[in-house]
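> Start from chain A and add chains B and C according to the hints.
Chains as they are written, first to last, in numbering that gives the first Met the number 0: chain A, 0 to 286; chain B, 0 to 380; chain C, 0 to 295.
These are computed hints drawn from the structure, not numbers from a lab.
Quick caveat, the model's predicted, so the values are computed rather than measured.
Note that CB positions come from ideal geometry on N, CA and C, so glycine has one too.
A few of these clues could be false.
What the hints assert, rightly or not - Estimated spans, in silico, between C-beta atoms of each pair:
(1) A:PHE96 with C:GLU185: 32 to 38 Å
(2) A:SER186 with B:ASP340: 50 to 56 Å
(3) B:ARG319 with A:ILE196: 25 to 31 Å
(4) A:VAL25 with B:ASN24: 37 to 43 Å
Unchecked claim - The calculated lysine-lysine pairs, modelled on BS3-like cross-linking and capped at a C-alpha distance of 25 Å, are:
(5) C:LYS192 with B:LYS157
(6) C:LYS192 with B:LYS82
(7) B:LYS35 with C:LYS96
(8) C:LYS192 with B:LYS134
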Amino acid sequence: MDYEKIESSARNRKIALNSVIYTLLVIWAIFVLFPFYWMVLTSVKGYGEYNSEWIPKLFTLTPTFDNYVDAFTAVPLGGYFLNTLIFTLVTTALMLFVTVLAAFAFARLEFKGKNIIFVLFLSLMMIPTELVVITNYVTITEWDLRNTFTGLILPSVTSVFYIYLLKENFAQIPDELYYAAKVDGTSDFRYLYKVMIPICRPTIVTVTILKVIECWNSYVWPRLVTDDQAYYLVSNGIQEIRENGFGRDNIPAMMAAVVVISVPLIILFLIFRNKIMEGVSRGGMKG
Amino acid sequence: MVYNYILYIIARERKCGYMKVTLQNLTKVFPAKSKKAKDVIAVNDFDFVIEDGLLIGLLGPSGCGKSTALNLISGLQKPTSGKIFFGDDDVTNLPPENRGVGLVFQNYALYPHLTVLQNITFPLENRKGKDKLTKEVMVEMATEVAKLVQIDTLLDRKPAELSGGQQQRVAIARALVKKPKILLLDEPLSNLDARLRLQTREELRRIQKQTGITTIFVTHDQEEAMSISDMIVVMKEGVLHQIGKPQDVYENPIDLFVAKFLGTPPINVFDGYVKGGQLYIGDESVLDVSSIEDKEVDVAIRPEGFVVDENGRFTCNLNRIEVMGRDISVVASHEKSQNKDIRAIISAENMARLNQATVKFNLKPYKVYIFEKDSGKRIYF
Amino acid sequence: MKNNNLKGWLYLLPAIAFLGLFMVYPLIDVLIYSFEEGFNFASQTYFGVGGYNYSYVLHDPYFLSALKNTFILVIITVPLSTLFSLLISVGLSSIQKIRNLFQTIYFLPYVTNTLAVGLVFMILFKQTPYTNGLANLVLGWFGFSPVDFIAGPYWAKMTVLCIYTIWVVMPFKILILTSALASVDEVYYNAAKIDGTSKFRIFTKITLPMISPTMFYLIITGFIGAFKAYSDAVALFGIDLNSAEMNTIVGYIYDMLYGNSGGYPSFASAAAIILFVIVLTITCINLLVSKKHVHY
Numbered sequence: 000m001d002y003e004k005i006e007s008s009a010r011n012r013k014i015a016l017n018s019v020i021y022t023l024l025v026i027w028a029i030f031v032l033f034p035f036y037w038m039v040l041t042s043v044k045g046y047g048e049y050n051s052e053w054i055p056k057l058f059t060l061t062p063t064f065d066n067y068v069d070a071f072t073a074v075p076l077g078g079y080f081l082n083t084l085i086f087t088l089v090t091t092a093l094m095l096f097v098t099v100l101a102a103f104a105f106a107r108l109e110f111k112g113k114n115i116i117f118v119l120f121l122s123l124m125m126i127p128t129e130l131v132v133i134t135n136y137v138t139i140t141e142w143d144l145r146n147t148f149t150g151l152i153l154p155s156v157t158s159v160f161y162i163y164l165l166k167e168n169f170a171q172i173p174d175e176l177y178y179a180a181k182v183d184g185t186s187d188f189r190y191l192y193k194v195m196i197p198i199c200r201p202t203i204v205t206v207t208i209l210k211v212i213e214c215w216n217s218y219v220w221p222r223l224v225t226d227d228q229a230y231y232l233v234s235n236g237i238q239e240i241r242e243n244g245f246g247r248d249n250i251p252a253m254m255a256a257v258v259v260i261s262v263p264l265i266i267l268f269l270i271f272r273n274k275i276m277e278g279v280s281r282g283g284m285k286g
Numbered sequence: 000m001v002y003n004y005i006l007y008i009i010a011r012e013r014k015c016g017y018m019k020v021t022l023q024n025l026t027k028v029f030p031a032k033s034k035k036a037k038d039v040i041a042v043n044d045f046d047f048v049i050e051d052g053l054l055i056g057l058l059g060p061s062g063c064g065k066s067t068a069l070n071l072i073s074g075l076q077k078p079t080s081g082k083i084f085f086g087d088d089d090v091t092n093l094p095p096e097n098r099g100v101g102l103v104f105q106n107y108a109l110y111p112h113l114t115v116l117q118n119i120t121f122p123l124e125n126r127k128g129k130d131k132l133t134k135e136v137m138v139e140m141a142t143e144v145a146k147l148v149q150i151d152t153l154l155d156r157k158p159a160e161l162s163g164g165q166q167q168r169v170a171i172a173r174a175l176v177k178k179p180k181i182l183l184l185d186e187p188l189s190n191l192d193a194r195l196r197l198q199t200r201e202e203l204r205r206i207q208k209q210t211g212i213t214t215i216f217v218t219h220d221q222e223e224a225m226s227i228s229d230m231i232v233v234m235k236e237g238v239l240h241q242i243g244k245p246q247d248v249y250e251n252p253i254d255l256f257v258a259k260f261l262g263t264p265p266i267n268v269f270d271g272y273v274k275g276g277q278l279y280i281g282d283e284s285v286l287d288v289s290s291i292e293d294k295e296v297d298v299a300i301r302p303e304g305f306v307v308d309e310n311g312r313f314t315c316n317l318n319r320i321e322v323m324g325r326d327i328s329v330v331a332s333h334e335k336s337q338n339k340d341i342r343a344i345i346s347a348e349n350m351a352r353l354n355q356a357t358v359k360f361n362l363k364p365y366k367v368y369i370f371e372k373d374s375g376k377r378i379y380f
Numbered sequence: 000m001k002n003n004n005l006k007g008w009l010y011l012l013p014a015i016a017f018l019g020l021f022m023v024y025p026l027i028d029v030l031i032y033s034f035e036e037g038f039n040f041a042s043q044t045y046f047g048v049g050g051y052n053y054s055y056v057l058h059d060p061y062f063l064s065a066l067k068n069t070f071i072l073v074i075i076t077v078p079l080s081t082l083f084s085l086l087i088s089v090g091l092s093s094i095q096k097i098r099n100l101f102q103t104i105y106f107l108p109y110v111t112n113t114l115a116v117g118l119v120f121m122i123l124f125k126q127t128p129y130t131n132g133l134a135n136l137v138l139g140w141f142g143f144s145p146v147d148f149i150a151g152p153y154w155a156k157m158t159v160l161c162i163y164t165i166w167v168v169m170p171f172k173i174l175i176l177t178s179a180l181a182s183v184d185e186v187y188y189n190a191a192k193i194d195g196t197s198k199f200r201i202f203t204k205i206t207l208p209m210i211s212p213t214m215f216y217l218i219i220t221g222f223i224g225a226f227k228a229y230s231d232a233v234a235l236f237g238i239d240l241n242s243a244e245m246n247t248i249v250g251y252i253y254d255m256l257y258g259n260s261g262g263y264p265s266f267a268s269a270a271a272i273i274l275f276v277i278v279l280t281i282t283c284i285n286l287l288v289s290k291k292h293v294h295y
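Just chain A, same shape as in the assembly:
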């Protein structure tokens, strides 16, 4: 057997394969990153500069931040931002409250009908939002809650999946802790607050981040129940900007707005990268 030949051909094949793999990965990375690059690049090009480029340039030598000023002054971007922030915070807080209580009941308490109601909850996970959105729209309209935060928030609160995720996590805490706390005269609520929540903090953080992402990007429901700009969220704001903002296709200003509303989540992602990816891989769907 010609061992040296085998050795070198195996080595060459490995090098060839690796270069193919890296090429593929780099191409995809460029495809993913390019829109981000383009939006940042365009946002720092001047209005005149952008429109004079028949062949778009891949860089600019005269970056300007005027577009960012425009984004906040010509359209109420700051208002959209604030609305989204309020909507996100309140919805997430309410969701946490409802979810933690429900998960605790399912994981820790014994009561009649628990199993049946749990199965019912689980089966709700399969219901697409498109089915229920119609009636919700009618309900909110009847209650005269269009163009209010209440109308925006209420139907967005619950998520069966998060209850399920948290219940699974709560259930892993050994029973002994609960009995020990009971012996010490700890109430159920105190036990939940002092023991279970701290132990399950990682999952709670994951759920929170996922919900924040969902809220920040939500578009369909806000579009249905708001037609007053004062209550627009960023997604609707962007849509509004696209349809009538800035006038005369001021694309650089539009891109500045896009950058501004994209940045918070990207920062959040870079900080909580592992938590987010873990949470999503455990079954998170895009909202």
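The following block gives chains B and C in isolation, referenced to the frame of chain A:
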């Protein structure tokens, strides 16, 4: 037609024959993961020859680098330095698939989605070009090797439907079916229960003898290695301590580690010293060792090295007696003993004499080993 | 014990209230709506009960075009995105250097606002009086004549929609597939390597069967997700999807509910139920097929 094909394959394999394995200064270092941690030397300067057709037990405590040594031989890992020869061929940098080894993994690594038959024929289906086999030949070869390991009635099952012992046989069959020159087994018995382990190790021995294939298996269980190996290689923390026939290694341990590692019940170790050609344990002179100069030493005595004698030179406190049939186990204690209990195995006839708080022994000199205090090296006398 | 029962339900009360009001009740209600003929939103009255709403929706050219668009989108994007993500995940799994960096980059589209990045895709593909757009520039190098992908011919618009949809759904698939690939015990690969199995055979005979449950999970969720496509299209073509010929089923539902053609919850409900039935059917078919092909 099919029959001719098998003859051809067998003849071709015969020509290659089974291989002797030579390790030359073989070293594997795992670089430290962080700056604070140290490099781990999993295999340190292995240098020995394994003759063909033998069953070799690679023996050592957990985490001593045995599996790494095996992976170096199989080619799954590349050595940091040193060479490996199969026969006269240098295979050090050869990828595993070109080495012609069969490997049985600790947890068997049977493909869960394939049946037993598909698992066994899997290696055969990899052949290309002129070595390509027809389906019938593959099934025939698989059935043949399945018969050898006695699983030929289970060919249609999936691994999940088999017991641990059966899965193990399938794994061996899969390793053997391609007629490897060398068979490697990583902790082959560790996932089996005690009864099955005894049975399977005999089976392993039978299969090895029947095929004559050079076999190297890794284990942390000294009894397992001693009972079936032609040769054992004792290692610890990447360092080779001793290599030899099981009985030789048992009777002539080269250092304290080997003495302690082999034998059940384990060897008894005492703090002792040599003075004026006499070996002392505590105040008593227990043995004449004229050739050793005066110094502190470790004294190791095999359980079968004790002889009960009213005029014995070595006095211990008698704790209890365990009857094991023909033999009895005397459990005693001594202030200089490094273990809590001393165990002596003696013939049951001596039972009557064991009725006091203390027991006196004489020692069989060839069952007593003396070691340097610091290096653990054997001092011969 | 009785006390305990009460407490359990008390803890569940908020969840039950929210779910009951905004999920269970609407679910029943939407069925009722879909059979109430001639429902008037303002007066809350209807003429009768029957299948007219369904028949109207199924004969509405806008719905039929939305149906066609959605099916084309599904048929193109689900297989392509699954295949690409498999390819990329396998690549990712076989490297060590800067793997984390790649993974981070690939996941970015997941956390960005679909509407916002859609705008970027729009300007990349749009033809304006000032420029043909970057996409046309690149295509020009290969000798293609410029075309407006945003307001031009149907196939061009569909192409952009597919590209953007794939861009949006890839992060999730890559993430799930890489973790599935990582969970395949390395010992199987070692066993195969010892036996001289080629890379391709290792992939088809070991890797694929072992990740087949994940593959089918991705295909099923991919189908469901693609059938519900909407905001991607809005991002690219604006709110008035009907006139852009790019409406989707979900878009049709929302348009019926509100918007230019607005205020017909009965038609919207019927369309939603039709969508649900389609998704359910496809999912069942998928499950049946997967029973045959998924191991374990």
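> Against the structure, test the hints numbered earlier, and report the numbers of the ones violated in rising order.
1, 3
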